[in-house]
Every structure is written in structure tokens, then in C-alpha cells.
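As given, the protein sequences belong to chains A and B, one line each in that order.
Letter 50 of the first sequence, counting from 1, is numbered 148 in the working numbering, and no numbers are missing.
Letter 234 of the second sequence, counting from 1, is numbered 565 in the working numbering, and no numbers are missing.
Derived by calculation from the structure, the hints in this document are not laboratory data.
Using N, Cα and C, we set each Cβ at its ideal position, and we do this for glycine too.
Mixed in with the good hints, there may be bad ones.
Distance condition first, Cα-Cα at most 25 Å in a straight line; then the derived SDA-like pairs of lysine to any residue [stated by the list, open to error]:
(1) B:LYS526 - B:ILE508
(2) B:LYS458 - A:VAL103
(3) B:LYS458 - A:ARG101
Sample of chain A residues at the chain B side, in silico, Cβ under 7 Å [claimed, not checked]:
(4) GLN117
(5) THR118
(6) THR121
(7) MET124
(8) ASN125
(9) GLU130
(10) ALA136
(11) ILE138
(12) CYS139
(13) GLY140
(14) MET141
(15) GLY142
(16) ILE143
(17) CYS144
(18) PHE145
(19) PRO162
Selected chain B positions facing chain A (in silico; Cβ < 10 Å) [unchecked claim]:
(20) GLY366
(21) GLN373
(22) ASN400
(23) TRP402
(24) SER444
(25) VAL447
(26) MET448
(27) GLY451
(28) GLY452
(29) GLN454
(30) TRP698
(31) PHE724
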Amino acid sequence: MPRDVFQFRGEEVSFEQGQTVLTALMNAGILEFRPGHAPICGMGICFECLVRANGTPVRACMTPAEKGMEVSLDTI
Amino acid sequence: MTRSEFLVVGAGPAGLAAANLLAELAPGQVTMIDGQPNLGGQIWRNTSTPLSLSVLNHIREKQIHLIPNSWIIHASPDGWIILDSRREKVSFNKLILATGARELFLPYPGWTSLGVMGVGGIQAAAKTGLNVKGKKILLTGSGPLLLAVADSLQSKGAIIQGVFEQAPWNRVQKFGIRTAFQYGKAFQALQLMAKVGKHVHYGHWVTRLEANQATITDGKATQQIEFDLAGIAFGLIPSLELPTLLGCQIENGFVRTDDKMQTSQPNILAAGELTSIGGVDAALAEGELAAWAALELDPPNPLIQKAKKWRRYAEQMAEAYALRPELKQLAEPDTILCRCEQVQYGSLVNRVSFRDAKINHRIGMGWCQGRICGATCQHLFDWEAPSIRPPLFPAPARRYAEILEND
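Construct all of the structure, not just a fragment, from the sequences and the given hints.
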């Protein structure tokens, strides 16, 4: 599967097309999202994986990773 | 206003079965909505069965209009819904609710540790790209899903550290024999046991997690299990927010329906895990039944009997995997209970209701709106379910402004 990167905290995170922002980040060793928040449900219910992607707060587990995305933990 | 004749909410097995029949008997009049980009639901996640392929074909042929990546934030039994992804209401004449289930989480020291997901949760992650090859994975909690996920992860190269089921062996065995012979799943059961049976321990549960190590007990002895990732959850519970908002009667924790999937609201049907946790077979039968009812046609009697059979299966499964009382006693006073607002178990144990706890400690007021902690508190304290108010999912205020403008 083709690989791309998105930006997260000033670093490039590599992902395979079809992965979500959650799984790309977890594969890169990021298991804690907003401080004290660890993704648990994997299905869009718990909101522990909340990130800001291209300016919008989204659930990382429900968001396909896209080339050039800007992802941060700067959310409410 | 986008108009639809038949609206199916959820593209898991129940929704797919409903939409598939509707596409055949009323092509072009059915709209299906799902929160994910792909069909198959949150647990089943199967896009290669004949049913899934049939639905994909119907979508291509424009017999089903699919709206993916969309979540309902508001809905009325008068016949419309509001999506987070659209600036217009979507109207319906008949609505089939197939929103499925999610997992029950119970707190114990360390349950909020990193790398600890649900059982369906870790499967969902693995099926959407999480690398599990060579990772040591612990699975514990309750339900047949534990075995299915162990198998799924093992086939992706995960090292299964153990599968610890809290239900005792005698109950599970009885149900297993039933499943095999009364419900025709003998081959499936044997296959599964051959692949992952060696990892499974019954009558065991987790009491604590610390730095990638779990303490597992059987009530007498304890053992320490190392893990890189864990899948821990205590069975499935239905996603009742939307049916509740729509005024569907809820009975014993499920949407009440007659044997043709009619809810208490005349234009609304419900199918699948919403009516009982019966798994994919129940969902497929009920989804089809709901479609017949939506069309106001008499369903074939064998289908009614099939749905009844899987409803019985669901009841027997619930009995076999009932949660033991020890699981209510695992949390310590400083164990987090509400993850969104980081509220500790000790603050809540003396509250008298969910509403009381919400007012005083903000549980249920975070992003998940009580979806995780609400069920936990119902199980631990016998509290009422969190009250439901729109928006069902967080949405920008401008969405409502756009809807009003376009109405």
C-alpha cells in the first residue's frame, strides 16, 4: 500500500493509505493524546482520541489519514 | 431538505440486510447512513460477504444512496434527522434504526493506562491499520468477542498473552454446546477453539494494570501477565441515544419491538444489537424483517422464526456471560471513572443518581456525553441512564444556523 506522511507536533508521521489518524499515531508510538487521555473504544464513542486535524476537532479513529494533514492535540 | 422514503441508520449487518432488501423491492428509495467511511459496522467489519458485495453493487447502481462519515446530531419522530456533515435536514417516511452496540467498560486501578483499548476496540484499530505483528496482546473481560478478536489478532501476527474470560467454564461450556448443536455453529466453534483455545482461561478477571503488566485473578490465586497492548471490555451494550431521542420505548436496556421489529413509534423500526445482543445472525435476520415492516408487507414466516431463534440465542448468551459481582468491587477511591472529566470513583460512590453525579462532578458533560461512564454507573450503582438531549454528538453551532437557513 502506498505510504505518505502527515504533520504531528512538528514531526512527520508516516502512514499507509487506508489507516486512520489514530492507527498511524499509535503505530508511531503515540499512545497518549490530550494529556491524560488514552484512546479506548476505537469506534468513535469515547472521544479520547480527539485531535485537531487541519483546524477541525475530529476523532482520530474515525478520520482517514491524509497526506499533508496538520494534526495537533490543541483542542478543547 | 433532502428527502428519503426509507432511511437506514447504520451500515453494520442489520442495516446492510435492511438496505439490501429495500434496494430490491424499492430501488432508489432507500438512503443508508453510517459514521464510518466503510460498510460493515463497528464489530463485524465485513466487507467481503455476499451481502456486503450486494449492497456495494446496489450503491453503484444508485438503488441505495449511501451517506458515509456522517453522524446524526438531532432527529425527530416527525420524520427528519440532522447530520453533522450536511447543511440540510434529511427527511424520512420510514426509519430503520440499526445503530448497533458498543462496549461496556468497568473501572479498576490502571484501566486508563496507555495502550489499553476495548476488545472490539483493539480489533477495530487492528482492522484500520494498527500494527499488531509481534506485539504481546492481553485480552480479558467477557463475551464471545474475546475469542473472535484473539483469533483475528493472532492471524495478524500478534502474540496472544492470554484470553481471560470472567464467566465460569461450566456456564460457557453449556452455552457453547448449545451454540454448536442448537444453533448450528459447531464447525465455527471447533475452528475457533483449535486456533485460540489454548490461550483461554475461564473464571478469571483483571484486577489491576501497572506499567504494561496486568494482575489476573480467579478469586483465589493471582498471576502477572505482561503486555504491549490490551483489549479489555465487559460485553456489548446497545447504542440507545438515537432511539431514546426519537421517543422509542426502551425496555430492560434495549429498544422494545414487536416480533416484526416495530418500535413504539409508528414510523420507526429497530434491528440488530439495539433489540438484544445477538450478534451478526440476529442482526441479519432482524434487518431483513425490519425492511419488510418498513414496506408494510408481511414478512415470510421462516424469517420471523429465524429472528425469534436468534433472540433466544441472545438471551442464552446474556445468561452465560452474566458479569460476576466481583467486577463491581475492583475500583479504588482514586480510580478514574469518568474519563472525559477525570472524575474519580471515590467522588461518585456516594452519589444517588447519574443526574446528581453530573451536577456535582460533571460526569456525562464531557465529549462522550456519558456514553462510556453512563453505562459504567448503571452497572456499578444501578443509576438511571444519562438523559438525552441534542446534539447527540458535538457539532459546531453554525451547523444549526445553516439548517435553519435551509429549512
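Now the hints, each set against the structure:
1. B:LYS526 - B:ILE508: Given that 25 Å is the threshold and the Cα spacing comes to 18 Å, the pair holds.
2. B:LYS458 - A:VAL103: With a Cα-Cα distance of about 20 Å, the restraint between LYS458 of chain B and VAL103 of chain A holds, given a limit of 25 Å.
3. B:LYS458 - A:ARG101: Status holds; Cα separation ~17 Å.
4. GLN117: Given a least distance of 3 Å, the restraint on GLN117 of chain A holds.
5. THR118: Hint on THR118 of chain A: holds, closest Cβ of chain B at ~5 Å, below 7 Å.
6. THR121: Constraint on THR121 of chain A satisfied, holds at 4 Å.
7. MET124: At about 6 Å, which falls below the 7 Å cut-off, the nearest Cβ of chain B leaves the hint on MET124 of chain A intact, so it holds.
8. ASN125: holds (5 Å)
9. GLU130: With a minimum Cβ separation of about 5 Å from chain B (threshold 7 Å), the hint on GLU130 of chain A holds.
10. ALA136: With a minimum Cβ separation of about 5 Å from chain B (threshold 7 Å), the hint on ALA136 of chain A holds.
11. ILE138: holds (5 Å)
12. CYS139: This interface hint holds because 5 Å falls under the 7 Å limit.
13. GLY140: With Cβ-Cβ at 3 Å, under 7 Å, it holds.
14. MET141: This hint holds: MET141 of chain A lies near chain B, its Cβ roughly 4 Å from the closest one there, short of 7 Å.
15. GLY142: With Cβ-Cβ at 6 Å, under 7 Å, it holds.
16. ILE143: Holds, because the Cβ-Cβ distance from ILE143 of chain A to chain B comes to roughly 5 Å (cut-off 7 Å).
17. CYS144: holds (5 Å)
18. PHE145: holds (3 Å)
19. PRO162: holds (6 Å)
20. GLY366: This hint holds: GLY366 of chain B lies near chain A, its Cβ roughly 6 Å from the closest one there, short of 10 Å.
21. GLN373: With a minimum Cβ separation of about 4 Å from chain A (threshold 10 Å), the hint on GLN373 of chain B holds.
22. ASN400: ASN400 of chain B check passes; min Cβ-Cβ to chain A is 7 Å, inside 10 Å.
23. TRP402: holds (8 Å)
24. SER444: holds (7 Å)
25. VAL447: With a minimum Cβ separation of about 7 Å from chain A (threshold 10 Å), the hint on VAL447 of chain B holds.
26. MET448: Since chain A brings a Cβ to about 5 Å from MET448 of chain B, closer than 10 Å, the hint holds.
27. GLY451: holds (7 Å)
28. GLY452: It holds, given that the least Cβ distance between GLY452 of chain B and chain A is near 3 Å, below 10 Å.
29. GLN454: holds (7 Å)
30. TRP698: Check passed: Cβ of TRP698 of chain B comes within 3 Å of chain A, closer than 10 Å.
31. PHE724: holds (8 Å)
In summary, the structure agrees with every hint in the numbered list given earlier.
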